[in-house]
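Protein chains: 2
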Amino acid sequence: MNQIDSSIVEPPSARASSKRQAILDAAKRSFVRDGVIAGGIDAIAVEAGVSRQTVYNLIGDRDQLFRAVVEEVTTRSSASLMTVIATFPSRPDDIQAALTDFAVRMLGRCLCDIDGQALSTLIKREAHKHPELFKTWEEYGPGKDWPVIAAQFARLARDGYIEIDDPSLAARHFFALICSDLPTDKGPCALPTEEAIRKTAAAGVKTFLRAFGSRQSTSA
Amino acid sequence: MNQIDSSIVEPPSARASSKRQAILDAAKRSFVRDGVIAGGIDAIAVEAGVSRQTVYNLIGDRDQLFRAVVEEVTTRSSASLMTVIATFPSRPDDIQAALTDFAVRMLGRCLCDIDGQALSTLIKREAHKHPELFKTWEEYGPGKDWPVIAAQFARLARDGYIEIDDPSLAARHFFALICSDLPTDKGPCALPTEEAIRKTAAAGVKTFLRAFGSRQSTSA
DNA sequence: AAAATTTTGGACACTGTTGTAAAATTCCTT
DNA sequence: AAGGAATTTTACAACAGTGTCCAAAATTTT
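Line by line, the protein sequences give chains A and B. Just so you know, we're using my numbering here: the first sequence kicks off at 48 and counts up by one. Just so you know, we're using my numbering here: the second sequence kicks off at 48 and counts up by one.
A few of these clues could be false.
Same chains, same label: a pair holds when it works inside one copy or across any pair of copies.
[As the list claims (entries may be wrong)] Dumping the calculated DSS-like pairs for lysine-lysine here, alpha-carbon to alpha-carbon at most 27 Å:
no.	residue 1	residue 2
1	Lys246	Lys182
2	Lys171	Lys182
3	Lys176	Lys191
4	Lys171	Lys191
Simulated from the structure, these hints should not be mistaken for laboratory data.
Could you build the full structure based on these sequences and the hints that come with them?
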């Protein structure tokens, strides 16, 4: 039905793979929107543009579907988080601008994208019924990267940009501030606009630097 | 409707009222734990210690049950929030200690109690299906009190305790910081311990005052 | 073009839940 | 203790969703 750009030459099971992805995406949306148990398999199949049988053929029953979605979301979120962490400013001229840009990237590409949203929603909502989910998050997912982020802040402190006692705490406060009043927390599940993200990030970084910025490097 | 401490002589429908409350509590827990649609009415009835019929007799079907729970949770949360806001420090000797105590009260009695937990969970999870829920939150629930909180911070600034540009933003950053790494966000739905609350609140207030505290009144 | 494979739509039995209605029981009033 | 109200028990019909099977249609491969 919807081959994206598989016009020229595709591997043997390209169609199946594409359909599989469509199902996973539809299931992801359904799980986030209605909960894992609430939405019917039929609805997911319709949303994916396939028949119910295809769902059972390519993936399996609800439980396997859930696991497949979690796996994909975890993998993707972890990867994009790593990518963004790699862009953490190292020796910026303007620490405020650099941190703001970093915060915007983090919010837009990790926390507010469809996968990040799905991951946090699923963890919050299904953790009590699937304890392994939270464990996976800690071991293989974004949860394992907190020390890396803390280390970035420690390095920033060592280079004289900020003054902190506890890098881990600083990292958590940084994230709390840049997420402070994202529309996500309030209204429906709509993803915030790029503009809202930038505004929130800038305000959060400003407060963060008021608290932790070195006196000499605080500009503005 | 709900007489509070009618221990000595009970009004005629005291038993019904008590059962009604038990049902509402059980439904609240079930809705938060499993979602509004997932848990069976039977399970709620058993958890409340009544039969399924009594649920239908005293309250009604699932939808009425949901509305009753939302109404109760909203009312209670709003009331306890008001109570705690009333204890906002006015002219404290030690601004840090006073704000920390306030943060502890706010976390413990509003955000981390069963009703606050239920309210935020239900709003996040069911907002898309019951838009009136979020609207109610804004008009009658805790949402309507943000300006009041912002005003408290404005007053604190006027009295020279803190230095802020935007009271509303300061209020949001204050809450973001004191909620920063509450165990709630991570693990299962268990309520955080008093100790964890105090620690998180203290750390949040400390950072808040590093950012916004007046130079002269910042102690330690 | 024919064969092989995948996808589809429909039918099916099955389970679990719902909301209601009647009896049976318990509880309170008098 | 008897009468009456409330509550629980039990039963029931209706319904929605699940997972499976199969034949027909569509699609790919030979």
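Structure-based check of each hint:
1. Lys246 with Lys182: For Lys246 and Lys182, only the inter-copy Cα distance (24 Å) is at most 27 Å; the intra-copy one is 33 Å.
2. Lys171 with Lys182: So Lys171 and Lys182 pass the 27 Å test inside a copy (13 Å) and across (23 Å) alike.
3. Lys176 with Lys191: Within one copy only: 22 Å inside, 34 Å across.
4. Lys171 with Lys191: Answer is both: 17 Å inside a copy and 26 Å across each meet the 27 Å cutoff.
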